[in-house]
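*Asks:* Below are the chains, spelled out letter by letter.
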Amino acid sequence: MSAPSVDLTLAALADPHRRGVIDLLRQRPHRAGELAQAMRLSFPAMSRHLRTLRRSGLVEEGRDEFDSRVRIYRLRPDAIASLRSWLAETDAMWARQLLALKAHVQKARK
Amino acid sequence: MTSKVFISLRLPIDPMGAFDAFTREISSWWRPDPLFRITAQGDGELAFEPGIGGRLVTHLDNGETFEIGRISAWEPGRRLVFGWRQSSFSPEQSTEVEVCFEPVGKETRVSIEHRAWDTIPQRHAARHGFPEHVTLQRVADWWRRSLAALLGGLRPAG
Numbered sequence: 001m002s003a004p005s006v007d008l009t010l011a012a013l014a015d016p017h018r019r020g021v022i023d024l025l026r027q028r029p030h031r032a033g034e035l036a037q038a039m040r041l042s043f044p045a046m047s048r049h050l051r052t053l054r055r056s057g058l059v060e061e062g063r064d065e066f067d068s069r070v071r072i073y074r075l076r077p078d079a080i081a082s083l084r085s086w087l088a089e090t091d092a093m094w095a096r097q098l099l100a101l102k103a104h105v106q107k108a109r110k
Numbered sequence: 001m002t003s004k005v006f007i008s009l010r011l012p013i014d015p016m017g018a019f020d021a022f023t024r025e026i027s028s029w030w031r032p033d034p035l036f037r038i039t040a041q042g043d044g045e046l047a048f049e050p051g052i053g054g055r056l057v058t059h060l061d062n063g064e065t066f067e068i069g070r071i072s073a074w075e076p077g078r079r080l081v082f083g084w085r086q087s088s089f090s091p092e093q094s095t096e097v098e099v100c101f102e103p104v105g106k107e108t109r110v111s112i113e114h115r116a117w118d119t120i121p122q123r124h125a126a127r128h129g130f131p132e133h134v135t136l137q138r139v140a141d142w143w144r145r146s147l148a149a150l151l152g153g154l155r156p157a158g
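Chains as they are written, first to last, in the working numbering: chain U, 1 to 110; chain D, 1 to 158.
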């Protein structure tokens, strides 16, 4: 799978249920059924959220090591890293732009 | 849970002057950066189309105009809110930028809040006693604390 893009990551995280899933997966990988139960969602509704999260690259699907019929979900660290770097770049970008604005205002007043 | 970048800086000008400089003169002060590009062709020449429903656009060297975002609040001397989309984003995905202009004596504190997905408006920390003499104050809460925790939590598993 290619590197997840930040817009898909942001879109995936726009939903509170999906953010809840991310919080649960931070603790450990979960089965889809466990996630549905914990979030009080129907199994089909949870499947849809998991599909979105998978497409965003935030979450990956695997098989339970003891029962290969059971699907388990876990976080993909590289997706979080790409979001984190976008936010860090955005922070640095506005810091630079505000300093440029200040320099511009100071120059105009001289 | 929120994800936002918050940054503020004091400018030696009154709030109306700061608002005008920010909006009307953006093409004069905006500094393109190779690490953070609005479009693949570069940043181009930025321009605000004033008023609610107006746009922040950039005019690229190849003659095209790229819409960065729609303006949803235009309060000269006080507040400005606009959408923010880089060309690498999908068409329906946008983030939001809120710029506030607050008088501090004869000067103005300009603060920028760039919200990634939690778009619930929040009162500015600046109104609740930001340190007066800090010239460049940065607060970025969720991404620093929670994402650091997130990455920390990932290490044992991955």
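Derived by calculation from the structure, the hints in this document are not laboratory data. There may be inaccurate statements among the hints.
Ranges of calculated distance between the beta carbons of each label pair, as one might list FRET restraints [unchecked claim]: (1) 16(U) - 76(D): 33 to 43 angstroms; (2) 51(U) - 103(D): 14 to 24 angstroms; (3) 27(U) - 24(D): 43 to 53 angstroms; (4) 15(U) - 53(D): 37 to 47 angstroms; (5) 67(D) - 109(U): 50 to 60 angstroms.
Note that beta-carbon positions come from the ideal geometry of N, C-alpha and C, so glycine has one too.
*Asks:* Does 37 to 47 angstroms hold as the CB distance between residue 15(U) and residue 53(D), or does it fail?
*Replies:* violated, 28 angstroms
*Asks:* Per the hint of 50 to 60 angstroms, is the separation of the Cβ atoms of residue 67(D) and residue 109(U) within bounds?
*Replies:* violated, 32 angstroms
*Asks:* Is 33 to 43 angstroms right for how far apart the beta carbons of residue 16(U) and residue 76(D) are?
*Replies:* holds, 35 angstroms
*Asks:* Between the beta carbons of residue 51(U) and residue 103(D), is the distance compatible with 14 to 24 angstroms?
*Replies:* For residue 51(U) and residue 103(D) the Cβ distance comes to about 50 angstroms; the hint is violated.
*Asks:* For the range 43 to 53 angstroms, tell me whether the beta carbons of residue 27(U) and residue 24(D) fit it or not.
*Replies:* At 50 angstroms between Cβs, range holds.
Checked against the numbered hints above, the structure breaks hints 2, 4 and 5 and satisfies the rest.
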